[in-house]
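**Q** The sequence shown begins at 1 in the UniProt record's numbering and counts up by one.
Everything labelled a hint here was simulated from the structure, so no lab data went into it.
Computed from a predicted model, the values in this text were never measured in an experiment.
Accuracy of the hints is not assured; some may be wrong.
Quick list of simulated restraints, FRET-style, between CB atoms [unchecked claim]: (1) 6 x 29: 14 to 24 Å; (2) 219 x 116: 46 to 56 Å; (3) 143 x 202: 11 to 21 Å; (4) 221 x 40: 13 to 23 Å; (5) 219 x 136: 39 to 49 Å; (6) 190 x 102: 38 to 48 Å; (7) 175 x 199: 38 to 48 Å.
Dumping the calculated DMTMM-like pairs for lysine to aspartate or glutamate here, alpha-carbon to alpha-carbon at most 20 Å [what the hints assert, rightly or not]: (8) 12 x 32; (9) 120 x 76; (10) 225 x 189; (11) 3 x 68; (12) 112 x 58; (13) 112 x 102; (14) 112 x 124; (15) 159 x 15; (16) 6 x 58; (17) 214 x 166; (18) 112 x 68; (19) 63 x 124; (20) 29 x 173.
Where a beta carbon is used, it is the ideal one built from N, C-alpha and C, also for glycine.
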Amino acid sequence: MIKIEKLEKVYKTEEVETTALNGIDLYVKEGEFVSIMGPSGCGKSTLLNVMGLLDKPESGSYKFIDTELLTLNDRERSNFRKRNMGFVFQNFNLIDELTVFENIELPLIYNKVPATERKKLVNEIIERMNIVNRSGHFPQQLSGGQQQRVAVARALVTKPKLVLADEPTGNLDSSHGNEVMELLCELNETGTTIVMVTHSSHDASFSNRIINLKDGHVISEKVNKSRNEELI
């Protein structure tokens with residue numbers, strides 16, 4: 001599904017040049033749940049941003065189901081991202097002035113989905129996420145775990161092929177964090193491909209495969225046997 005080869009990303013200022021990604025190779029199969037780990041500054045979030053077409057590398061190849069994404073122009077990148085990707089962020093990124101329903105509906109509005117279809121899709125996902133009784137609430141009326149559940153619902157409402165999660169439990173206590181990780185596992189078991197950046201070994205244990213980065217390189221990769229055995 002995803003084939004990344006020789007990806008290079010350099011950040012430059014007048015004083016310093018920092019290599020964030022140094023010849024990264026990465027492959028993700030459809031239906032996988034992959035965790036990317038490593039120390040601060042190793043390139044985890046940069047890699048996720050490049051995968052989500054939120055940042056551009058200097059060089060390399062990024063193929064998504066045989067489409068080379070790095071040759072797309074800005075409009076094509078934006079359209080591809082809206083059609084194929086969903087995002088879950090550490091800080092939830094919900095809009096305080098919108099209700100739960102309206103926050104989840106937003107990507108559908110951007111995709112110009114008709115109002116009747118939007119209502120149907122949002123109602124389906126809030127039922128799936130078990131937040132029907134919160135649909136009229138505002139973000140500040142929700143717990144951290146509930147806000148992240150809304151963020152996951154928003155990521156999934158467009159039925160993306162890929163969900164990118166950046167430290168999805170970073171602002172949650174352990175109980176709410178486990179709730180979110182179990183939710184991501186359930187989604188993965190229904191076929192959703194997930195790539196997650198995390199500093200938490202506990203969270204990574206929910207994934208099928210764990211990739212470790214250091215100084216912009218992939219330094220190790222391992223299959224999570226216990227997680228894969230659960231799926232057999």
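**Q** Does each hint hold? Answer for all of them.
**A** Okay, the hints, checked on the actual structure:
Against the hinted window of 14 to 24 Å, the Cβ-Cβ separation of residue 6 and residue 29 comes to about 20 Å, which satisfies the hint. Taken as a hint, the range 46 to 56 Å holds for the pair residue 219 and residue 116, whose Cβ atoms sit roughly 50 Å apart. Roughly 20 Å separates the CB atoms of residue 143 and residue 202, a value that falls within the hinted 11 to 21 Å. Checked against the given bound of 13 to 23 Å, the beta carbons of residue 221 and residue 40, roughly 20 Å apart, stay inside it.
Here the CB-CB span from residue 219 to residue 136 is close to 48 Å, well matched to the stated 39 to 49 Å. A hinted range of 38 to 48 Å is violated for the C-beta pair residue 190 and residue 102, which are about 25 Å apart. Under the hint 38 to 48 Å, the C-beta atoms of residue 175 and residue 199, about 19 Å apart, miss the expected range. The suggested pairing of residue 12 with residue 32 is violated, with an alpha-carbon distance near 34 Å, which exceeds 20 Å.
For the suggested pair residue 120 and residue 76, the alpha carbons sit about 27 Å apart, so the restraint of at most 20 Å is broken. Using a Cα cut-off of 20 Å, the hinted pair residue 225 and residue 189 holds, with the two alpha carbons roughly 16 Å apart. Restraint check for residue 3 and residue 68: the C-alpha separation of about 9 Å stays at or below 20 Å, so the hint holds. For the hint linking residue 112 to residue 58, the alpha-carbon distance of about 32 Å lies beyond 20 Å, and the restraint is violated.
For the proposed pair residue 112 and residue 102, the alpha carbon gap of about 14 Å is at most 20 Å, so the pair holds. For the hint linking residue 112 to residue 124, the alpha-carbon distance of about 18 Å falls within 20 Å, and the restraint holds. The hinted pair formed by residue 159 and residue 15 fails the criterion: a straight-line CA distance of about 44 Å is larger than 20 Å. Only pairs whose Cα atoms come within 20 Å are accepted, and residue 6 paired with residue 58 is accepted, the gap being roughly 10 Å.
Under the criterion of a C-alpha separation no larger than 20 Å, the hint pairing residue 214 with residue 166 is consistent with the structure, at around 17 Å. Between residue 112 and residue 68 the alpha-carbon distance is near 25 Å, which puts this suggested pair outside the 20 Å criterion. Restraint check: the Cα-Cα separation between residue 63 and residue 124 comes to about 31 Å, which exceeds 20 Å; the hinted pair is violated. For the suggested pair residue 29 and residue 173, the alpha carbons sit about 31 Å apart, so the restraint of at most 20 Å is broken.
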